[in-house]
Structures are given as C-alpha cells and as structure tokens.
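Read off the chains here:
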Amino acid sequence: MSTATILHLPNQATATIPKKNYITAEHGLLSWLLTGDHKRIAMLYLISITFFFFIGGAFAGLIRLELLTPQPDLVSSDTYNKFFTMHGIIMIFLFLVPSVPATLGNFLIPVMLGAKDLAFPKINLLSWYLYMTAGVVVLTSLVMGGVDTGWTFTTPLSTHYLNTNVMTTAVGVFIAGFSSIFTGLNFIVTIHRMRAPGMTWFRMPLFVWSNYAASILMVLGTPVLAIALVLVALERTLGIGVFDPTKGGDPLLFQHLFWFYSHPAVYIMILPGMGVISEVISTFSRKRVFGYTAVAFSSVAIALFGFFVWAHHMFIMGVSNYSALVFSLLTMLVAVPSAIKIFNWAFTLQKGSLTFETPMLYAFGFMGLFTIGGLTGVFLGSLGMDIHLTETYFIVAHFHFVMVGGMLMAFLAGVHFWWPKMTGRMYPEGLSKLAAVVTFIGFNLTFLPQFILGYLGMPRRYHAYPQEFQVLNVLSTAGATVLGVGYMLPMIYLAWSLKYGAIAGNNPWQATGLEWQIQSPPLTENFPITPIMDHEAYDYEWLAHKMEQEGNDVG
Amino acid sequence: MHISPVLWQFLVKWLHASALFPAEASTIAPWMDALYFFLLAMTVLGVILVGALLAAFSIMYRKEKNPVATHIEGSTLLEATWTIIPLAIFLVCFVWGALLYFRIYNPPVNAMNIYVVGKQWMWKAEHPGGQHEINALHVPTGKPVQLTMISQDVFHSFSIPDFRVKREVIPGRYSTVWFEATTPGTYHIFCTQYCGTQHSGMIGEVTVLTPDDYEKWTKESTSGMSLAQNGERLFASMGCNSCHSGTAAARGPNLAGVYGSKLTLTSGSQVLVNDAYLRDAILNPSQHVTAGFAPIMPTYQGQISEDGLIDLVEFIKTMPNNYRVQQTLMTSQSDQTAPAASGMVK
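Those protein sequence lines, which keep their order, are chains S and A. Counted the way this note's numbering counts, the first sequence spans residues 1 to 555. Counted the way this note's numbering counts, the second sequence spans residues 1 to 346.
Extracted from the complex, chain S is given alone in its bound form (with noise of 0.2 Å):
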C-alpha cells in the first residue's frame, strides 16, 4: 500500500471515544426508542433498513436461483409471483425510498446546516414509527401468504382477479408513504428555518440540497400513491369501478396515478446518493465540487422535470400517441441534468489531490453504473426503441443499474464515509476496499446479461423461460452470488468495527463539512456553542487556516 492517504487518526495509544456523546447519553433500550435525537432515530433506521434489504435480498437470491434453469422446478410459479412481489415492494418502500434520507439524511442534515436536530424531532420519532409498522405489516402479509401483485398493483389484476394478501400490503405500503412524507417535510422546514448563521443557500453542502429536492418529492408525490392504493382498496373491498371497464371505469387511471408518485419515487431515491457522491468526491480530491450552482440547481431540475415524465412507463399502453411524443422528450430533457452532474464530478478530480479511500471507490463505481443506467434509461425514453425493450429484462436491468448500481453504491460510500462520524471508529481499509471492488464485479456480471437477454426478448417476471436463454441466466445467476458476498462484507466488518475498530478522532478524513469540526459520536446537542458559517461549502484554505490555528484536533 501506498501512504498516499489523507486519513489522519489520532494516536491510537492515548486515543479515546469522547466519554460525553449521543450514544452514551442515556441508557437502556426505552431510551432508544423514546428519543427525539436526530442521531439516534437516524440510528435505528440504519437497523432497520439492514434487516429489511437483507430480507429483500433474500428475495433476489431465490428468484435468480429459481432462473438458473428454464424449467419452473424450484418453486410453483405462484410461489415465484410472490418472490419477485415481495422483492420490489421491500426494496423500494422499506429500503430504497428512506435509504439515504433516513439514515444518513437525518444524521447529517442538522449537523451539516449547524442546528441542534431536526424542526420536527417527534414526528421525525413518529416517523420511524410508521415505517416500522408498515414493515410489519408487510411482514405479517408475507407470513400470511404473501402478496404476487408485483410492486407495481396493476389493476384490475390487483383488485379482481387475485386472492392473496393485497390489501394487507397495500396498507403497508401506505403507511410507509406517510413515514416518507413526514421525513420530507422535517426536512423541509429545518433547510428552511434551522440554518445556522451564516449558513446560506448558496453555502449549504450539496448533499443537502440533494436531499432537500428529494424531499419536496417525497411530500408533493407521496399523496398521490396513498390515493391510488385507497382506489386500489376500495375496487377491491366495495367494488366502486374507478378502474373497472365493465363499470365504466378506466384501468389506465391506475397506471397514470401509481406513475405520477412511482416515476418521481425514483428521483426520491437517487438524489439523495446524488448528494454522498458530491461529498465523497469533493473530499477525496481536495477541491470545491466543479460547479457547485449547476450541481444544486441540476438536483432542483430534476425534481421539476421528473414529474412531468410519469407516461414514459406506458408508451406501449395506448396513450395517444401525440401525449407519448410530449413524454417522450420530456423524459430526454430530464436526461441533461444528470448527464451535468456526471461531468460534474468528474471534473471536480481534475487538478485535484486524488486519494482512494473505500468511499471513493465506492463513488467510482457508483459514476461507471449510474452513467450505464442513465444511459440506458434513453434507450427506454427513446419511443421506438421502448416498444421491443419495455417489460423485458432490459428494463430490469436498466433500473438496477440506477437503484442498485448507483443508489446502493451512493449509500455504501455514504455509510464508510461518515460510519467514524456515527461510531467514532473506522472501518478495516483493506477489508472494505476488497468489498467494493466484489461488489463492483458482481453487480456487473448479474446485471450486464440482463441487457442482452431483454434485447434478445426475455420478458421480465418469468417464472419459466425459452432454453436458448439459459447461459445469459446462468452468469446472471453466478453473479449475484458474487453481489451477495459483496454486501455480506460490510455487513460483517463493520458490526466488528464497532467494538474494534480504530479510533477515528474528530475528523479522520480532514473534510469541511460542519459535522467533521464536532467530536465523533457527536454530543446529543451537536454543537455546545451555534457555529457561525463564514466560508464556502468544501472551502479547503479555510480548514487548512483553522487546523494550522488550532493545532492537531485530536478528539
């Protein structure tokens, strides 16, 4: 290994955990679950999300083992309906869509605009509390039987023609909209109102502005999805025909309304690891992230244009054919702010002082897949070309190269980035590069066939498939083995890290960020005295000035 590394521990010798933070304030387990601390709610999210990907994880296993051969002989297809079911719905409602805001988010929103906690510090409590109880409840109609509606709730498939768990699920997921919309809006208002002094817009990191656009997504969308799942309900229970031609009603509605919230809801989830990649590359090079303006207002656009694009998803429906030509280049204009971010961040390296901790590699990966899965996405924007490739593996592909390939690589980095801010300790180097890299390959080798299969035709959510398309399932397959041992890794090391690993001090990455000039854990009410902000975001000279003033801030 090379030195060249800004990490800057504290001498491990005399080194130790501040005796005096948020995790040792109080004790027991009611203190956890009674607390109004940004830090600690942010904490239990990050437990709660784990179990539920590793359960939506579980999920993928069994569909790609299923898939390794064409004959249906694992499971009954009822079975395998369920699997990728349950797989969507937990992945998108319990653990993408709260991922970053949630845990990261609500971790290090307050701390990064200097504020003691969020506006709201009970209903961000409520908050979790609901998404645990639509994870239960999604739990207990898994326990029931399951759900094999797919995430998507198609009607009228969803409300006559299957008899398994729906409305059980469907409550869970509505409620979980009611926890995402209650984050949105504590964000919101403290972006608004709890700014430090000093603190402007213009001065803000952008991984809050990320999250702030994220947010007025999540409140301004979520809505519409509760409406649609009450529709879905009410189809379903009274028979009120909204959705149903016999009685006059529209099946399309559903589809227009489920997108209106689902097409947005994926802007929810990979703005906010938008935000880490800022941070992560901006501290990795030594330098203000290259245009900083054009990366806040890219994220604001985004969160515009993205919903205005929700018929992309049914160019093949029967929508008039002059509306798809509107969506159609709304959806290549909502392409340009991302492709700008890209080249964003990629010049940011530019001049720079490059080191390569995980986090940053963890950022390469995310740049290399999420450029693949943009790309692809105008393949699918592109209204030709989405008549042969929409509903097939192609799809599939394309959005996991988005969600999982960016947004889970987005989440990684973030969560080795600031894992010393949260615990105080770091994580083995040399362990969770080795995890990034896994993790890299593996993604690849599942997700890469996936594009030629659904080129070739494969239709997506096929329990059996033609035998010509074995070999490309079968590398699929063998990759995601290699994914699952890529995301076991940090599972492992950093649960070991919390009790082994290295002190990190108070700011091992020699980053800006407001959080990093606090102790780590920081104190319950972050900041004994209000900071005042007076430089730039990612404003290197200023933190080189202080150090030099204030000597070695050892913690």
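Heads up, a few of these hints could be off.
Here are the computed lysine-lysine pairs in the BS3-like style, where the Cα-Cα straight-line distance is at most 27 Å [claimed, not checked]:
{"#": "1", "chain 1": "S", "residue 1": "LYS433", "chain 2": "S", "residue 2": "LYS351"}
{"#": "2", "chain 1": "S", "residue 1": "LYS247", "chain 2": "A", "residue 2": "LYS119"}
{"#": "3", "chain 1": "S", "residue 1": "LYS546", "chain 2": "A", "residue 2": "LYS65"}
{"#": "4", "chain 1": "S", "residue 1": "LYS247", "chain 2": "A", "residue 2": "LYS124"}
So these bits of chain A aren't anywhere near chain S, every CB distance computed over 10 Å [unchecked claim]:
{"#": "5", "residue": "TRP8"}
{"#": "6", "residue": "GLU133"}
{"#": "7", "residue": "GLU180"}
{"#": "8", "residue": "ASN284"}
No lab work stands behind these hints: they were computed from the structure. Just so we're clear, the structure is a prediction, and the values are computed from it rather than from any experiment. Each residue gets a CB set at the ideal place from its N, CA and C atoms; glycine is no exception.
Since chain S is already given, all that's left is putting chain A on it; use the hints.
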C-alpha cells in the same frame, strides 16, 4: 471505403446465429436495430468518456503526483458544453425514436386484419376467414398484418421479439399493432405484462409462411364459418335486426356501410366509426346515440363475449347492404307474429 457486401452478409449472419442477438424477421426489425446500434454506440462512447476522464484524472492528479489541489470554481464554457452536447444527442434519440414509434403504431391501409383475444393465460387468434388458433398465429410473408387485440380480463402484452413489435392488450379496449414478416420460420410470442399465476406460460408461436403455403394453410384450417358469418348469426339471435333493419321506419340506424364513415351523435360530436366505436356502441349504447334516433337500445354489457363482439364487429364491417338482414328479419318476425295470430293480446 465501404464494407464489402460479402463481409456485411457474413457479419449479419454471424450476429443472428449467435445467441446474443434476435433474428430480424420483419420489415421493422432492421429499422429498430439501426436505432439500437446508434444508442449502443452512444452508451459505449459515453461510458468510455466518463471512464477515461476518471482514469486520466486519477493517474494525473493522484496525491503522490499532485500533493496540493488547485482550486477551480467551475467554468461556464464547460458547463454549457456538457449541457448542450448531451441535449443534442438526446434530441436525436427523441426524433429517431418518435419516427420509429409512428411507423410501428400506424398500420398501412392495406393491412390484413387478424383479431387477437388475450385471457388468463392464452392467446386466441381469430382470422376473418374463420381460422381460430390458440397460442399460435399464422401469417404470410410480404403482406402487412394488423392485429386488433383486446383482453378479456387483465392487462396482457403481445410481444414478438423477432419482429420487434409489442403492444399492451387492454381489458375493454381495442389496441392495434402491425408488422410485415419477411422470413419464413417460427418465432416466439410472449405475454410481457405480468398477468397472474401462469404469466410465463402465456406464450405461443407465430409461424411465418410463404404466400403459397399461407394460402394452403388458410384453406385447410378454416372452421367453415367466417367471423362475419358467425356475426350474422349473432346479429339475428340477439335480435339486433329488429331495429337495425335498414328500412325507412327502422328504430335503429342503418348499419350497412356505416363502417369507416363519420357519424354525428345526438350530443353533436362527430365520431369515426371503427372497430372500437362499434364495440363501445354495442356495450354502452346510451353514450353513443346516433343523431335522429331515440336512446332505446339496451346495453349488451355482460351478454356477449369478446369473441362474439369481434364477430359482430366483423359482420357490420363487411355488411354491404341490408338484403340479408331483411331476409333474416322476415323469418324472425314471422316467429313473433305466430302467437299473436293465435288469439293472444297483442
């Protein structure tokens, strides 16, 4: 400089023989593949560009080489470059994709029509000549074929990857797609919209025949009754002819030659009479009353299957005059008048 035709042929053959690329069996397939290769090139170049930037900067500006970072705020020129160039490329994708979309979803006027009914979990193809197929479809080469499709229950989606066409099959609404097959052979039909338990069993085969073989197949596999003939029977047995008799005193509008015409409704709006309109007018007549007629027609919702509706639509479509309707009418009227004549109160 250009690739020799022999080499080109070899490349195309090799690609098709490999398991990585689907056969091109329709006239639209080469167009689709051209756009695909353009998009693929865009993606590969994009990934190479991003990868090259990351790699180059990682090597040039790693800490060993460049211990102190130089601060750069940004550059409006660069920002503009990577806003405008991607936008331009994406707009090309938009226009190209839109042209292809309109090509695939606007059938030529001379297309032959085949009806497809989707239901859990099978495809039923109904040819106007009276050939009925399940999970199979026979089509000739060199002739545009339009599929008029409807679902009897949930959303399905009719996909033939080797033709590069696909369209959602919707409950309660006709949707259409067309193709012109080029190469005889058999190709997969997939249902691509998740539709319940046996979703992955809702597959079939489309058999492409040369025009001669197709002719032979049509003769050998007809049920003996064309769809229009089935429709005519239904028309009589449902009593449609008692109002739609085509006489001056008829209580319902004349249906001969109505297909393809513009109709004015009592609401004042003008509609084009096509398959979808005829189907809706049978199921939901009160919404579709022709100007000058009273809204007396009852709904047939729940009384006719989708197959029956297709038969009726096909009958009305091909009805040149009312001669046969009126012939039928007299028979059925003689049935009705018989009890009256035997002393019943009229």
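- Task: Of all the hints given earlier, name the ones this structure violates by number, lowest first.
- Result: Result: hint 8 breaks, nothing else.
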